[in-house]
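Engineer: What follows is each chain in one-letter form.
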Amino acid sequence: MPVIEIKQLVKKFGKFTALDGVDFELDEGQVHAYLGPNGAGKTTTIRVLLGILRATSGSVSMFGKDAWKHSVELHKRLAYVPGEVNLWGNLTGGEVIDLMLSLRKPDKHHKERRELFLKRFELDPSKKCHTYSKGNRQKVALVAALASDAELFVFDEPSSGLDPLMEKVFQDIVLELKKDGKSVLLSSHILSEVEKLADKISIIRNGKIIQSGTMDEISKVAAGRSLEELFLSEYNGKEQ
Amino acid sequence: MKPLAGFWLYTRFILERERIISAIWIVAMAASAVGFAAMYPSLFSTSTELSGMAQTMNTPAMVALMGPVYGLDSLTTAMVMAQTCLIWFAIASAIMNIFFVNRYTRADEELGRLEMFRALPMGRLANIAATLFCVLLLNVLIASLTMAGLLAINIGGTSIHGAFAYSFAIGAIGFSFAGITLLLAQLVSSSRGVLGAAFALFGLFYIIRAWGDMQGNDASYLSPIGLGLKVSAFYDNNLWLLAVLFGIAILITIVAGVVYVKRDLGAGVIPAKPGRKHASPLLKSPFGLAWRLTRGAVAAWAIAAVVAGAVYGSIVGELQSFLSNNAMMQQMVQGSDGGNSLVNDYITMLFSIMALLAAVPVINAAMKIHSEEKHGRIEQVYATATSRIGLYAGFIVIALLQSVLFMVLSTLGMYASGYSTGLLVLTDLFKASLVYLPALWVMLGVSVALVGLLPRLSVAIWVVYAYSFVIIYFGRMFKLPDWATNISPFGSVPQLPVADFNAVPLAVLAAIAVALTLVGLAAYRLRDLR
Numbered sequence: 000m001p002v003i004e005i006k007q008l009v010k011k012f013g014k015f016t017a018l019d020g021v022d023f024e025l026d027e028g029q030v031h032a033y034l035g036p037n038g039a040g041k042t043t044t045i046r047v048l049l050g051i052l053r054a055t056s057g058s059v060s061m062f063g064k065d066a067w068k069h070s071v072e073l074h075k076r077l078a079y080v081p082g083e084v085n086l087w088g089n090l091t092g093g094e095v096i097d098l099m100l101s102l103r104k105p106d107k108h109h110k111e112r113r114e115l116f117l118k119r120f121e122l123d124p125s126k127k128c129h130t131y132s133k134g135n136r137q138k139v140a141l142v143a144a145l146a147s148d149a150e151l152f153v154f155d156e157p158s159s160g161l162d163p164l165m166e167k168v169f170q171d172i173v174l175e176l177k178k179d180g181k182s183v184l185l186s187s188h189i190l191s192e193v194e195k196l197a198d199k200i201s202i203i204r205n206g207k208i209i210q211s212g213t214m215d216e217i218s219k220v221a222a223g224r225s226l227e228e229l230f231l232s233e234y235n236g237k238e239q
Numbered sequence: 000m001k002p003l004a005g006f007w008l009y010t011r012f013i014l015e016r017e018r019i020i021s022a023i024w025i026v027a028m029a030a031s032a033v034g035f036a037a038m039y040p041s042l043f044s045t046s047t048e049l050s051g052m053a054q055t056m057n058t059p060a061m062v063a064l065m066g067p068v069y070g071l072d073s074l075t076t077a078m079v080m081a082q083t084c085l086i087w088f089a090i091a092s093a094i095m096n097i098f099f100v101n102r103y104t105r106a107d108e109e110l111g112r113l114e115m116f117r118a119l120p121m122g123r124l125a126n127i128a129a130t131l132f133c134v135l136l137l138n139v140l141i142a143s144l145t146m147a148g149l150l151a152i153n154i155g156g157t158s159i160h161g162a163f164a165y166s167f168a169i170g171a172i173g174f175s176f177a178g179i180t181l182l183l184a185q186l187v188s189s190s191r192g193v194l195g196a197a198f199a200l201f202g203l204f205y206i207i208r209a210w211g212d213m214q215g216n217d218a219s220y221l222s223p224i225g226l227g228l229k230v231s232a233f234y235d236n237n238l239w240l241l242a243v244l245f246g247i248a249i250l251i252t253i254v255a256g257v258v259y260v261k262r263d264l265g266a267g268v269i270p271a272k273p274g275r276k277h278a279s280p281l282l283k284s285p286f287g288l289a290w291r292l293t294r295g296a297v298a299a300w301a302i303a304a305v306v307a308g309a310v311y312g313s314i315v316g317e318l319q320s321f322l323s324n325n326a327m328m329q330q331m332v333q334g335s336d337g338g339n340s341l342v343n344d345y346i347t348m349l350f351s352i353m354a355l356l357a358a359v360p361v362i363n364a365a366m367k368i369h370s371e372e373k374h375g376r377i378e379q380v381y382a383t384a385t386s387r388i389g390l391y392a393g394f395i396v397i398a399l400l401q402s403v404l405f406m407v408l409s410t411l412g413m414y415a416s417g418y419s420t421g422l423l424v425l426t427d428l429f430k431a432s433l434v435y436l437p438a439l440w441v442m443l444g445v446s447v448a449l450v451g452l453l454p455r456l457s458v459a460i461w462v463v464y465a466y467s468f469v470i471i472y473f474g475r476m477f478k479l480p481d482w483a484t485n486i487s488p489f490g491s492v493p494q495l496p497v498a499d500f501n502a503v504p505l506a507v508l509a510a511i512a513v514a515l516t517l518v519g520l521a522a523y524r525l526r527d528l529r
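Chains as they are written, first to last, in numbering that gives the first Met the number 0: chain A, 0 to 239; chain B, 0 to 529.
Some clues are possibly wrong.
Cross-link-like lysine-lysine pairs, in silico, DSSO-like; alpha carbons within 27 Å at most [unchecked claim]:
(1) A:Lys107 <-> B:Lys283
(2) B:Lys373 <-> A:Lys14
(3) A:Lys177 <-> A:Lys64
(4) B:Lys283 <-> A:Lys110
None of these hints come from the bench; they were simulated from the model.
Treat the numbers as computed from the prediction; the structure is a model and nothing was measured.
Model the full structure from these sequences, guided by the hints.
Structural biologist: Set out below in structure tokens:
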């Protein structure tokens, strides 16, 4: 049973069709990269998955349960890092991390993991959130997610504000998650990161999945070109 | 480097960004100022009616509410209009100025927009100079239009001097708060903090004025609102007071400019201190989050409730001396229970105002979840095992708490400061104040329903609020049609202790409140979040 199963998902905002029949699957223990140009529908897909937006039609399930109906129950098993991390300016990073952990009903090891990841990301938890840079806000969200014992991790461009050193730390952590049998949905623009981490890749453009498969399958489609060349042509809409 | 380089460019940019909001303010302010004035001649067609109105205005409660009374010897329609209307337009103008200045200073700075401009070949002072210029322009436009309108309708007692004094008093009081907000925007490092501090100062100045006007002493001159009202429009027309007020505002802006140039962008003068590394157990729940986001407001409004109650309570003693000096008033209240009826009348007025004040924190708490959504902070919370109803319930509980807290604390404040007069009975005060709770809950219900059903139109709650305000205010002076009063949640509340207690309207209000809240919650659970 796939961890995430999206079938023929359509999401309309008024007359505008943001998602036009999206199919997506994430198998247990895999890293599935979700790519596409800005505004293609990546974040909308994730927000439907999280029950923040309601699907117009199609089915969206996680762990075999409907993602809208059972959202609260399902969210105990997943951790999420938004693409743009907005925090409460008058709370400290440490307070936000603890709050997020508590709202997810943490296990008994979350405290050790919290300290471990704070150290690995070199984040000072005593600062008020309004003083954090974009990268540091992202670290707050990452520590809050990683310190939980979730089975599924949903990352929406998690490393876009991180420096190269921290980007490396993040990539190591994703590989460790994979080793531990966790499932990861990774939306990212960093192709080297995708190449290194992903088992499967799906590319979305204008609300439609235009390419999906394992790394090997995608390499075959590339037919000798580099992944970057393939992505650029897919993003442009010039099919092969 | 030229500190004002780019001033005109930035001015044009502000005017472009502001054209809709400012147009609404200009039209709304000028049209309603002239429109209200135009109603007065039909209300006071004879000199008896005018002097009757003068008696109504010359009560401690009305002076505390609306400012000093003048020219009773030669009262004209325009004077009555100015004495009953100027304060409200001054308040609206202050609110407009506070929001305008905050929007273009600290709010833009917080959102990182200012940084983009500072990276352009723009002078360091261009932003705040252009902001001030535009807000001044806005005030002058409103005042000029109002003046032209007043001269055009030409109600009894209108003169060019008077129309100028009235219209530009509104502008000058408002502009003084533009200056104050500009200074606060340099001292406080978040836009919410600036708004909070500006409105707190505004409340303080209003109370200083109320106290000064009641006592008839010079304390009123310490408040920009009191100073502006002393212009005595259509009577003394003390235009020099407006010049003084304008001068003070300019002085404050110069200080703000100096601070702005000297500080770092993004920083406040009041420094941020390091915080906790861990969350307290209290924060670790949906309710804990709601509480943490509103506790500052709860504390501030609790203090405001006690102070407001105490200020109005301190006047109760004056009521007696007022009565003994006023033969006509004595006649009016004779036959009933003498001095008590004046006190009772004062109590009903007082708590209707307290209820209006209490509605503000109640609405804010009920709307807080929507502002969190707009700022993109709610998504990560709902990505955890937190249900929408669970989180909203926290804010609703806080809104309920705010309603009870404000009414109880203002009652206690009033009782404490008016206790020595022996005129107040605590249980009666509580009845008169708590009777407003169902009406406050309706405001809560309307807020929740808007957030759930029409989140884009959620500011409409302030239209409901403004309507209730007008009803309570004018309902005291004129006889309004019953339907107009009853469609405001506050209008159907029994006016204890003057009127008899009636549980029916209260039960109806409570039922409406519950229904609106449930409908709002159900819609909120099902809708897309931003």
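Engineer: Please go over all the hints and tell whether each is borne out by the structure.
Structural biologist: These are the hints, each one checked on the structure:
| no. | hint | verdict |
| --- | --- | --- |
| 1 | A:Lys107 <-> B:Lys283 | holds, 15 Å |
| 2 | B:Lys373 <-> A:Lys14 | holds, 22 Å |
| 3 | A:Lys177 <-> A:Lys64 | holds, 23 Å |
| 4 | B:Lys283 <-> A:Lys110 | holds, 14 Å |
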